[in-house]
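There are 2 protein chains.
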Amino acid sequence: MTLRYTGIRVTDLERSLRFYVQGLGLVERKRGKMSHGGIWVNLRDPDSGVQLELNFYPEGSRYRTPYTVGEGLDHLGFDVKDARATIERLVAFGAKVAVEPWLEEGRYWIGFVEDPDGIWLEIQSAVPRAKSASTAPSRSS
Amino acid sequence: MTLRYTGIRVTDLERSLRFYVQGLGLVERKRGKMSHGGIWVNLRDPDSGVQLELNFYPEGSRYRTPYTVGEGLDHLGFDVKDARATIERLVAFGAKVAVEPWLEEGRYWIGFVEDPDGIWLEIQSAVPRAKSASTAPSRSS
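If you're matching them up, the sequences are chains A and B in order.
Our numbering puts the first residue of the first sequence at 154, with every later residue one more than the last.
Our numbering puts the first residue of the second sequence at 154, with every later residue one more than the last.
Next up, chain A with everything else stripped away, as it sits in the complex:
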């Protein structure tokens, strides 16, 4: 058994490709057509190897049901170098801020954005450790 990928449904394939490829740095690996006319595009994170598949159902496809994000997909988790900068960048690519980034236990910046279809993405970055952590003040000025 291998969990190979997560497939999300997108309502505008070009818009979502722009967002996930140019905005988030995933790379197109493979694409294909489903027998009923749908299109899948398999993306891959070059660092982690994790795959995300975009599924698009054109007009007339029997799977083109009314789109609501729903609660099944809670969120996709991304680790980045600087969560606040990434969130700003993603907003320029059509994301909406869902939860403003906050500092979690002084160790992580965590924020949530919605992708162009409203899917929640967690954007997290570790706070660089102070070189002399044991003597560093517990709060930066």
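Simulated from the structure, these hints should not be mistaken for laboratory data.
Watch out, some of these pointers could steer you wrong.
If chains are identical, the list can't say which one is meant, so a pair holds when it fits in one copy or spans any two.
Unchecked claim - Dumping the calculated DSS-like pairs for lysine-lysine here, alpha-carbon to alpha-carbon at most 27 Å:
no.: 1; residue 1: K234; residue 2: K249
no.: 2; residue 1: K186; residue 2: K249
no.: 3; residue 1: K186; residue 2: K234
These numbers come from a predicted model, not from an experiment.
Here the structure of chain A is known, so what remains is to put chain B in place on it, guided by the hints.
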């Protein structure tokens, strides 16, 4: 940027753990409590390294909104040795068959089941290649 995991929302944590750990072979890696009372359990596929996070929001959590699967998560894709046998096995763990397995281009068995919350899982297995593929008949008898 690293796409690290997919987080799904589950409405019965023990039931979902049974399904994904005992039923599908994922392994618990880490779990934690969210500040608002939610519980996350990070599972990992020991083969691919892919991570799936189960998110559970107990009574009283502000994230415990009415649950509908929605279309945001199209499906999770699993490769297995024998799709038909796996699907039978998963039914015993509470799955419902969504699309009966079919033979795709003579090369793959593909079927879909719903997990206990109704999330679609694609279950796919490659048909073992005939040893002398070039002379094999195009259809098995």
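Verification of the supplied hints:
Proximity of K234 and K249 under a CA criterion of 27 Å is satisfied intra-copy only: 20 Å inside one chain copy versus 41 Å between copies. Taking the shortest Cα distances, K186 and K249 sit within 27 Å of each other only across copies (26 Å), while inside one copy they are farther apart (30 Å). In this assembly of identical chains, the alpha carbons of K186 and K234 lie at most 27 Å apart only when taken from different copies (24 Å versus 35 Å within one copy).
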